[in-house]
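Q: Using the sequences and the hints, build the whole thing.
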Amino acid sequence: MSNRDAIIAEIPRLRRYARALTGRADAADDLVQETLQRALEKWRLWQRQRDLRPWLFSIMHNLHVDGRRRDHRIDFCADDDLPVPVQRASQQDALELRDLERALALLPPDQREVLLLVGLEELSYAEVARALKIPQGTVMSRLSRGRVRLRALLAGETAPILKVVST
Amino acid sequence: MNAPISEDDLHAWADGQLDPARLIQVETWLAAHPERRTQAEEWRAQAARLHRAYDRVLDEAVPARLIPAANSARWLDARKLAAVAWLGLGVITGFFLRGETVRDPGAVMAAASLPRQAAIAHAVFVPEVRHPVEVGADQEAHLVGWLSKRLGAPLKPPQLESVGYRLVGGRLLPGDSGEVAQFMYENAERKRLTLYVRPDAPKAADTSFRYARENGIDVFYWTDSRFGYALSGNTGREDMLRLATLVFQQHPQ
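Protein chains in written order, with this note's numbering: chain A, 1 to 167; chain B, 1 to 253.
Don't read these hints as lab results, they were simulated from the structure.
Positions of the beta carbon are idealized from the N, C-alpha and C atoms, including for glycine.
Hints are supplied without guarantee of correctness; some may be wrong.
[What the hints assert, rightly or not] What follows is a set of in silico ranges between Cβ atoms, one per label pair, in the way DEER data are often shown: (1) B:D239 to A:E122: 46 to 52 Å; (2) B:S113 to A:A27: 40 to 46 Å; (3) A:A6 to B:P4: 38 to 44 Å; (4) A:R68 to B:H33: 36 to 42 Å; (5) B:N187 to A:N62: 43 to 49 Å; (6) B:A188 to A:L52: 33 to 39 Å; (7) B:L23 to A:G67: 22 to 28 Å; (8) B:E41 to A:D110: 22 to 28 Å; (9) B:K156 to A:A6: 47 to 53 Å; (10) B:H51 to A:P135: 23 to 29 Å; (11) A:D110 to B:P34: 30 to 36 Å; (12) B:L23 to A:L52: 26 to 32 Å.
A: Written out as structure tokens, the structure is:
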């Protein structure tokens, strides 16, 4: 497989992760597009022995962090801003998806990323550590806290926590 | 020997990231701690719920704006760039087509780039051990269909079994003005040949053979009404001429 084909083959997974990370289809595709552009620019620096997928997720992570800094935005979604689920299979599925999206939006971004890279993208803990440039111990603690928090949010136990991500 | 079971082990159990030996230990421990097993199963259920919610994205059509252009030079990786630089240094423009009478400089430039591009592609992929081709000869029907479709005209790899070269397979490459196909052959001594096929070749007045030597690679090339062909290898000029003649004979004009 050529380099280009190898990257193209990763686009669906990048889109899935970005969709879950941002909670919005348009923002997710913008993030994917930026990631691919950056990957092109840095292509020559990429070391072949490193896996392509964690490398792409790492680029996306950096862009997402930059985006959050740039926006100075409060990491909280009001009900009106929540994404409208597409392709509803049933009312039940739609409700389940909406609950999940709301809960993910309320997770601190650091925990959300780890939770999605492990649970949805099935990266190994070592790959997540490399992609996010954090020690594996930090991956485990974020994963642990994220899972506890997500469970509580899905059970409706916790009031939304407003948190300014950065200043 | 048996390290105590930690919370990290429980996460790794939920995520399927334990090695088999540790898995047995954790399973044994969980059997004795049902409340922790319930918790780890909940984590698994969370992941399953993420998949239920987002896997549909995998099946969506990828928006065209996200697909990088095929001809972007930036897709060349470091190794290809090294090959380009290496050949660029060694190749003097006047080297090919020596002694030929030239009437149409444009056609010559286009024709001249054929052996060079073929030699670059040859140099890049021939040393590949694991991925010399995209589609192997075991799927020859698929290979033929795919490359014919992408190049826009029927294309069939020539048979060179009679002279000891078997087809390894082929790949698609970006060219100057579209896509290019490369077939690779190998003999019992693991010597490799590549046949580079480029559509929209200039309509040359004749279809004579030409020869170029690009940094130690012998290239015989010619054109017909649909394609430009270049056979590259380094088995010696005489041998390459014999092989190129065989290939040429199998491509009806």
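Q: For the pair B:L23 and A:L52, does the Cβ-Cβ distance stay inside 26 to 32 Å?
A: holds, 28 Å
Q: Take the C-beta atom of B:H51 and the C-beta atom of A:P135, compute their distance, and say whether it sits inside 23 to 29 Å.
A: Hint holds: Cβ distance 27 Å, inside 23 to 29 Å.
Q: Go ahead and decide if the range 43 to 49 Å is satisfied by the Cβ distance of B:N187 to A:N62.
A: holds, 48 Å
Q: With 30 to 36 Å as the target window, see if A:D110 and B:P34 comply at their CB atoms.
A: Given a distance of about 32 Å, which is inside 30 to 36 Å, the answer is holds.
Q: Does 36 to 42 Å hold as the CB distance between A:R68 and B:H33, or does it fail?
A: Between A:R68 and B:H33, where Cβ atoms are some 39 Å apart, the hint holds.
Q: Take the C-beta atom of B:L23 and the C-beta atom of A:G67, compute their distance, and say whether it sits inside 22 to 28 Å.
A: Given about 39 Å between the Cβ atoms, the range is violated.
Q: Indicate whether the distance between the beta carbons of B:K156 and A:A6 respects the range 47 to 53 Å.
A: This hint is violated: roughly 27 Å between Cβ atoms.
Q: If you check the beta carbons of B:A188 and A:L52, does the distance land in 33 to 39 Å?
A: holds, 35 Å
Q: Per the hint of 40 to 46 Å, is the separation of the Cβ atoms of B:S113 and A:A27 within bounds?
A: holds, 43 Å
Q: For the hint 38 to 44 Å, verify it against the beta carbon of A:A6 and that of B:P4.
A: holds, 42 Å
Q: Using the C-beta atoms of B:D239 and A:E122, is the stated range 46 to 52 Å upheld?
A: holds, 51 Å
Q: Taking the beta carbons of B:E41 and A:D110, is their distance inside 22 to 28 Å?
A: holds, 25 Å
Hint compliance for this structure: hints 7, 9 are not met, and every other hint is.
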